[in-house]
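J.: Residue numbers for the sequence shown, in my numbering: 131 to 259.
Worth flagging that the hints you see were computed from the coordinates, not collected in a lab. The model shown is predicted, which means the values in this text are computed figures rather than measured ones. All C-beta atoms, glycine included, are put in the ideal place defined by N, C-alpha and C. Please note: incorrect hints may appear among the correct ones.
Stated by the list, open to error - Calculated cross-link-like contacts (lysine to aspartate or glutamate; reagent style DMTMM-like; alpha-carbon spacing at most 20 Å):
(1) K182 to D160
(2) K193 to E171
(3) K196 to D160
(4) K182 to D209
(5) K182 to E171
(6) K182 to E199
(7) K193 to D137
(8) K218 to D160
(9) K233 to D209
(10) K196 to D137
Stated by the list, open to error - Pairwise CB distance ranges, derived in the manner of DEER restraints:
(11) S134 to K233: 35 to 43 Å
(12) R176 to S224: 16 to 24 Å
(13) P178 to S141: 14 to 22 Å
(14) E199 to S224: 29 to 37 Å
(15) V175 to T147: 17 to 25 Å
(16) S230 to S134: 18 to 26 Å
(17) A217 to D137: 16 to 24 Å
(18) Y148 to K196: 31 to 39 Å
(19) D137 to V175: 19 to 27 Å
(20) Y148 to A217: 15 to 23 Å
(21) K218 to R176: 16 to 24 Å
(22) V175 to L152: 16 to 24 Å
(23) V175 to A217: 30 to 38 Å
(24) G216 to Q156: 29 to 37 Å
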Amino acid sequence: MTCSATDTAISVNTMATYAGALGDHQRALDLAQQGLAIQHELFGVRHPATAKCLHNTAGYLLKLGKTTEAYNQAQAAHDLFRQLLGAKHPQTLSTAQLLSRIKRPGFRIPSFRKGGSAKKGTGSVWRPP
């Protein structure tokens with residue numbers, strides 16, 4: 131049995147999801163960026179799989195407090211989804227929600243402790259320039 135580039139991309143993106151779920155957002159970002167590079171090479175820039183990787187990367191950037199980079203990635207994903215899938219497609223709408231979270235002043239990124247409950251008053255706050 132051989133492993134194709136598509137299988138590798140799926141595996142890397144799955145590992146990114148698990149790393150993010152475990153709270154290791156830097157590792158998740160590193161893996162998501164690796165997955166994005168693979169998807170880009172496999173499918174090119176104008177493909178829904180590439181747009182999905184951009185969306186996921188934006189989410190990890192946001193959780194790391196890198197709001198400008200997160201916004202740029204999310205905007206690129208949103209533009210692609212809108213062009214490729216239409217304005218009312220669920221992926222387009224999901225990325226629009228991510229963009230609105232990034233742009234909303236005072237948005238707090240929740241920090242979670244073991245057991246899944248949020249710590250009150252923690253998280254990064256985006257402030258308008």
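J.: Within 20 Å, alpha carbon to alpha carbon, are K218 and D160?
T.: Distance ~30 Å between K218 and D160 Cα, so the pair is violated.
J.: Between V175 and A217, does the beta-carbon spacing fit 30 to 38 Å?
T.: The hint (30 to 38 Å, Cβ to Cβ) is violated, given that V175 and A217 are roughly 20 Å apart.
J.: Verify the CB-CB distance for D137 and V175 against the hinted window 19 to 27 Å.
T.: Between D137 and V175, where Cβ atoms are some 22 Å apart, the hint holds.
J.: Confirm or reject the claim that G216 and Q156 have a C-beta distance inside 29 to 37 Å.
T.: 34 Å, holds
J.: So the hint says 31 to 39 Å: do the beta-carbon atoms of Y148 and K196 match that?
T.: 21 Å, violated
J.: Given the proposed pairing of K196 with D137, does the C-alpha separation stay at or below 20 Å?
T.: 29 Å, violated
J.: Run the distance test for K196 versus D160: straight-line Cα separation, threshold 20 Å.
T.: 14 Å, holds
J.: Decide if the proposed pair is consistent with the structure: K182 and D209, CA atoms, cutoff 20 Å inclusive.
T.: 11 Å, holds
J.: Determine whether the Cβ-Cβ distance between Y148 and A217 falls within the hinted range of 15 to 23 Å.
T.: At 32 Å between Cβs, range violated.
J.: Between P178 and S141, does the C-beta distance stay in 14 to 22 Å?
T.: Check passed, 19 Å falls within 14 to 22 Å.
J.: Does the Cβ-Cβ separation between S230 and S134 fall within 18 to 26 Å?
T.: Between S230 and S134, where Cβ atoms are some 37 Å apart, the hint is violated.
J.: Regarding E199 and S224, is the given constraint of 29 to 37 Å on their beta-carbon distance met?
T.: 19 Å, violated
Checked against the numbered hints listed earlier, the structure breaks hints 2, 7, 8, 10, 14, 16, 17, 18, 20, 22 and 23; every other hint is satisfied.
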